[in-house]
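Residue numbers (our numbering), protein chains in the order written: chain A, 228 to 333; chain L, 11 to 163.
Just so you know, these hints were derived from the structure itself, not from any lab.
Only a predicted model underlies this, so the values are computations on that prediction, with no experimental measurement involved.
Mixed in with the good hints, there may be bad ones.
Derived coverage of chain A by chain L (criterion: at least 3 residues anywhere in the stretch with Cβ under 8 angstroms from a Cβ of chain L; other residues may be distant) [to be verified]:
1. 279-288
2. 298-305
If you only want the chain A side, here are some residues facing chain L, beta carbon under 7 angstroms, derived [stated by the list, open to error]:
3. V244
4. F291
5. A293
6. I294
7. A295
8. F322
For every residue, glycine included, the Cβ atom is placed at its ideal position computed from N, Cα and C.
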Amino acid sequence: MPSALINVPKKAKRGDVIEIKTLMSHIMETGYRHTASGSVVPRDIITSFTCRFNGTELFRADLFPAIAANPFFTFFTTVTESGKFEFEWIGDKGFSETAQASITVE
Amino acid sequence: MANSEHTRRTFFGLTGGAAAMVIVRPANATPAMLQAAIRNVVGEANVRTGKVKLDIPPLVENGNTVPMTVSVTSPMTADEYVKSIHVFNEKNPQPNIGNFYLGPRAGRAQVSTRIRLADSQKVTAIARLSDDTFWSATADVVVTLAACTEEAI
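Build out the structure end to end from the sequences listed, making use of the hints.
Here it is, written out as structure tokens:
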């Protein structure tokens, strides 16, 4: 089963730049590998990752087969208000997963 | 003695297998493909060297997971910020690695991820700033164990 690991600070001061770390378990099959019998293993990757804060897009990534298995991203944001981060991964074969994290801004 | 004979046979068996794998390996991205991929992003704009810092180990043991951090010198204010970061490679089957879209709210223009490298090669990061200028950095990486070449089970 796919599972996400999210690392967001629970609390921050208004105006702080915080670090967000995300990891989604996924094989990221490149589509360039072959089985022992010579047939191509079909591509199965996550193609898009989006992070929104209170509905507004903060960070987005297009993924290619050159992203390692279990895609891991670290990025930053300035926090101005308390709210909810929403994370979304979309990929081949109908892959779609979401995760959430809340932050309290003082 | 019997043991060393066995090892040698195993060794030749392995090298034979490796040679066979090279034949079925997909073609690498050509310099033309890389140029096309970059042109796709920057259009006719001039790409200058600077402002971008590409942190990647110069010597990598395992090409399947290579840590990479791209940071861009930018105040990240509402008027002056980084719009996007694009990372390319020379010799993987595809020239693209990833596109990352930021904005003034990012606070710091820095992205880290883990990538695959199929061979020793150059990795290039290009940043698009809010004034639509493009800046780049390139790093050479030596890979001992390449990604993509192993057989799936």
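To see whether the hints hold, each was checked on the structure:
1. Counting residues of the stretch 279-288 of chain A whose beta carbon lies closer than 8 angstroms to any beta carbon of chain L gives 7, which reaches the threshold of three, so the coverage claim holds.
2. Against chain L, the stretch 298-305 of chain A contributes 8 residues with a C-beta closer than 8 angstroms to a partner C-beta. That satisfies the three-residue criterion, and the hint holds.
3. A cut of 7 angstroms between beta carbons decides the hint on A:V244: the least distance to chain L is about 4 angstroms, and the hint holds.
4. The restraint placing A:F291 at the interface with chain L holds, with a minimum CB-CB distance near 4 angstroms, inside the 7 angstroms limit.
5. Because the smallest distance between the Cβ of A:A293 and any Cβ of chain L comes to about 4 angstroms, under 7 angstroms, the interface hint for this residue holds.
6. For the restraint placing A:I294 at the interface with chain L, the shortest Cβ-Cβ distance is roughly 6 angstroms, inside the 7 angstroms limit, so the hint holds.
7. Among the interface hints, the one on A:A295 holds; its C-beta lies about 4 angstroms from the nearest C-beta in chain L, closer than the 7 angstroms criterion.
8. Contact between A:F322 and chain L, as hinted, is not supported at the beta carbon level, the nearest pair being about 17 angstroms apart and thus beyond 7 angstroms.
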